[in-house]
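Asker: From first to last, the protein sequence lines stand for chains A and B.
Our numbering puts the first residue of the first sequence at 3, with every later residue one more than the last.
Our numbering puts the first residue of the second sequence at 15, with every later residue one more than the last.
Note that these hints are calculated values from the structure, not bench results.
Don't take every hint at face value.
If you only want the chain A side, here are some residues facing chain B, beta carbon under 10 Å, derived [to be verified]: (1) A17; (2) L24; (3) G36; (4) Y61; (5) G140; (6) S143; (7) V145; (8) M146; (9) L235; (10) G280; (11) V282; (12) G340; (13) D358; (14) I450; (15) F453.
Ideal Cβ placement from N, Cα and C applies to all residues, glycine included.
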Amino acid sequence: MLNLVAINAAYIVAAGLFIFGLKMLGHPESARRGNFLSAVGMLIAIVVTLLSEGILTWYWIAVCAVIGSVIGASAARLVAMTSMPEMVAVFNGFGGAASLLVAWAALFDSYGLFVAITVTLSVIIGGVTFAGSVIAWGKLSEVMTSRAIVFNGQRIVNTLLLLALLACAVMFCLEPSAQSPYLYGVIGLALILGIFVVIPIGGADMPVVISLLNSYSGLAACAAGFAINNIILIVAGSLVGAAGIILTNIMCKAMNRSLGNVLFSGFGAVKTAMKVEGEVKPISAGDAYLILEAANSVTFVPGYGMAVAQAQHVVCELGELLEAHGAEVSYAIHPVAGRMPGHMNVLLAEANVSYDQLVEMDDINPRLPSIDVAVVIGANDVVNPSARDDEGSPIYGMPIINVDDAKTVFVLKRSMASGFAGVDNPLFMGPNTRMLFGDAKASISEIISEFKP
Amino acid sequence: MDLTFVYLALILVLAIYLGFELISKVPATLHTPLMSGANAISGITIVGALLASGGSETTTLATWLGAAAVVLATINVVGGYLVTDRMLGMFRSRTEKTDE
């Protein structure tokens, strides 16, 4: 049996490994080792906890840990990279739910008002995280509609829910007990609130929601740490909480919207934008091949449509062919392209694109005027010049990748439907734009076949 | 309430500050693995779950709550670290690619 000092010393080592691990995650070369260090930290924390005086029986732990490991390991092995966003959503939710249960279980020991308050916090954050993540999973995996679900009086309903939740929380803290009906009230209302907070958020805003839920799962662990007076939960939980908040902030900035705007306003309601008029110039795969073959520099701009069409592998193949023809190839990625932060980067990495070819928005924009061909694959709002030029546009002010600066722009698109925001895209009528209609994967495969005589 | 709370609050503030400092330097390319790696760390709540499920000789409601938490947190930890590793294994530089 380890004593308290030894355990806390080990927890400090674990916390240090988490911190170094996160730091090393900041560079592609060291990231994998960083993740490994962080896992070692977790192992240390788990082992010393198992050796502590607090553990009297191992039976349930062994059974449950085996079940959890088998489920976790098989999910991690089997998940397709295109499904990463919903996977992360589910894991966030499980973390939140675990923290909720841990805090609830803490009520069976003796405790004072402070613990009661932290238990309440943990239950609220954990419950909102769990229910919100389940809804986010449903939207991302398209089990339910990925559109924003809005109804009249939504704000009033949400406000009433929140007030009822706070009332239950106060009543519980005044007379805390594990069997208090108010505790059940807090749990139930937190779950309902989690559902209501996420349903009005549409598919393209999911990067913000996932980042925020990630942050909440950390904060829930942190609150549970206060409830059971455990340092490692507080440190690790708040590290994750801070990480999630930073990502949320980056995502919001990349859409030029405040967090409040993302969470509380159904998007696309304002329709005062200029009507876009002009002529769409289609191009055949054969002609696209001739232009690409002559190009010295090509930039691919992927969006969620690339993931839907599963086109990342053919895109990479085309990129390699172009390089073999002497062109300089890069992949320009908008921060909110896809359904979670960095989604496109992972898909392209899976398709064997090297990470030094993945270019961020701020680095590609100054280079675009000298680029021969920009190929837009399944992206729409993130390349819409209205965001830059049209003050009446709902997405006005959002930073975009200025593909219209490139000498020629190919837009791969199924048909002429507007993007998620329901905004017309003047890019499609641009003088240097050529539309390549059809399934992105099929279109690119056709161009590739032209390269191979 | 005693000084413990003050210590815990101090740790909280320092850890949040450190989290901000560490994460704001991560490039956009690595945001997904960063998120799933951080998510695995939030599975630290497994420590609390272990204490809750193994904390008494008799099986009580607390044991059940703890046991359920162990399952969920283990999925989060094991799945989170493995999937992050799987993703990071795909990120290769141009030189690594040509070495193959």
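Asker: Next step is simple, just say for each hint if it's right about the structure.
Answerer: Each hint, compared with the structure:
1. Proximity of A17/A to chain B holds as hinted, the smallest CB-CB distance being about 8 Å (cut-off 10 Å).
2. Below 10 Å, beta-carbon pairs count as interface contacts, and L24/A has one with chain B at about 5 Å; its hint therefore holds.
3. Taking 10 Å as the C-beta cut-off, the interface hint given for G36/A holds, the closest approach to chain B being about 8 Å.
4. For Y61/A, the shortest C-beta to C-beta distance to chain B is roughly 8 Å, which falls under 10 Å, so the interface hint holds.
5. Because the beta carbon of G140/A sits about 18 Å from the nearest beta carbon in chain B, more than 10 Å, this interface hint is broken.
6. Interface hint status for S143/A: violated, as the beta-carbon distance to the closest one in chain B is roughly 16 Å, over 10 Å.
7. Because the beta carbon of V145/A sits about 19 Å from the nearest beta carbon in chain B, more than 10 Å, this interface hint is broken.
8. Contact between M146/A and chain B, as hinted, is not supported at the beta carbon level, the nearest pair being about 22 Å apart and thus beyond 10 Å.
9. The closest approach between the C-beta of L235/A and any C-beta of chain B is roughly 6 Å, which is under the 10 Å cut-off, so the hint is satisfied.
10. Because the closest C-beta pair between G280/A and chain B is about 33 Å apart, greater than 10 Å, the hint is violated.
11. Violation of the interface hint for V282/A is found here, the shortest Cβ-Cβ separation to chain B being roughly 32 Å, above the 10 Å cut-off.
12. A least Cβ separation of about 9 Å between G340/A and chain B falls short of the 10 Å threshold, and the interface hint therefore holds.
13. The criterion of a C-beta within 10 Å of any C-beta in chain B is met by D358/A, whose closest approach is roughly 5 Å, and the hint holds.
14. Given hint, I450/A at the interface with chain B, is violated; its Cβ is 19 Å from that chain's nearest Cβ, farther than 10 Å.
15. Taken as an interface hint, F453/A does not check out: its beta carbon lies about 20 Å from the nearest beta carbon of chain B, beyond 10 Å.
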